Amino acid sequence: MSTLINSTSLGNIIIVTGSFLLLLVLVKLFAWDQITGIFKAREEKIANDIDDAKAAREEAEDLAAKRQTELAGARLEATQIIDDAKETGKNQEAKIVAQAHEEAKRLKEKANQDIALSKVEALSSVKGDVADLTVMLAEKIMATTLDKEAQSDLIDSYLDKLGDA
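One point on numbering: in the numbering used here, the residue at position 12 of the sequence shown is 12, and numbering is uninterrupted.
No wet-lab data here; the hints were simulated from the structure.
This one's a predicted model, so the numbers in the text were calculated from it and none came from an experiment.
C-beta: ideal position from N, C-alpha, C; glycine also.
Certain hints may be false.
Claimed, not checked - Listed next, the in silico EDC-like pairs over lysine to aspartate or glutamate satisfying Cα-Cα at most 16 Å (straight line):
| # | residue 1 | residue 2 |
| --- | --- | --- |
| 1 | Lys127 | Glu109 |
| 2 | Lys54 | Glu44 |
| 3 | Lys127 | Glu93 |
| 4 | Lys127 | Glu77 |
| 5 | Lys110 | Asp132 |
| 6 | Lys119 | Asp132 |
Unchecked claim - For each label pair, taking beta carbons as the anchor points, the in silico distance ranges come out as:
| # | residue 1 | residue 2 | range |
| --- | --- | --- | --- |
| 7 | His101 | Asp153 | 46 to 54 Å |
| 8 | Asp51 | Asn12 | 47 to 55 Å |
| 9 | Gln113 | Leu76 | 49 to 57 Å |
| 10 | Glu121 | Gln151 | 20 to 28 Å |
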């Protein structure tokens with residue numbers, strides 16, 4: 001029985017080995033190209049996915065760099081706008097102050113002219129009143145009436161003294 005078992009075992013080993021070899025030959029003939037094709041397609045898909053991911057990452061980095069550049073440009077532009085606005089404000093301030101000074105100077109000159117005119121008018125009025133009073137006083141003192149030329153000389157002399165005082 002031991003030989004029978006040994007010969008059966010040997011027969012089984014030969015059949016299994018033969019079947020395995022036949023299976024390998026059949027796989028090589030009919031399925032090997034398809035299996036390797038599947039693996040190649042999978043390898044190519046993974047390589048393409050890696051390349052696409054790399055390209056997408058580079059594009060994202062480019063976009064990020066572009067965004068940073070645009071942001072820096074926008075900041076620079078905003079700073080320039082603020083500086084321009086400050087400069088314009090300072091110019092407007094100087095212009096308004098200069099206009100106010102000119103207006104004040106003009107008003108002061110007008111007021112001085114008005115004062116001088118009022119003074120001249122007041123002195124004229126006072127001169128007329130003083131002349132009349134002087135003539136009346138002189139008439140009473142002299143008890144005589146002065147002629148026009150003497151009256152004019154007397155008034156001028158009195159007004160000159162009044163203007164000096």
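Verification of the hints:
A distance of roughly 26 Å separates the Cα atoms of Lys127 and Glu109; the hinted pair therefore is violated under the 16 Å criterion. Note on Lys54 and Glu44: the hinted pairing holds, with a Cα-Cα distance of about 15 Å set against a maximum of 16 Å. Proximity of Lys127 to Glu93 is assessed by CA-CA distance (about 50 Å); at most 16 Å being required, the pair is judged violated. At roughly 73 Å between alpha-carbon atoms, Lys127 and Glu77 are farther apart than 16 Å, so this suggested pair is violated.
About 33 Å separates the Cα atoms of Lys110 and Asp132, which puts this hinted pair outside 16 Å; it is violated. As the CA atoms of Lys119 and Asp132 are separated by approximately 20 Å, the hinted pair breaks the 16 Å bound. For His101 and Asp153, the Cβ-Cβ distance of about 50 Å falls inside the hinted range of 46 to 54 Å, so the restraint holds. Between Asp51 and Asn12, the C-beta spacing of about 52 Å keeps the proposed range 47 to 55 Å intact.
For Gln113 paired with Leu76, a C-beta distance near 55 Å keeps the hint of 49 to 57 Å intact. Distance hint for Glu121 and Gln151: a CB-CB separation of about 23 Å, consistent with the stated range 20 to 28 Å.
Figure legend: structure checked against the earlier numbered hints; hints not met, in rising order: 1, 3, 4, 5, 6.
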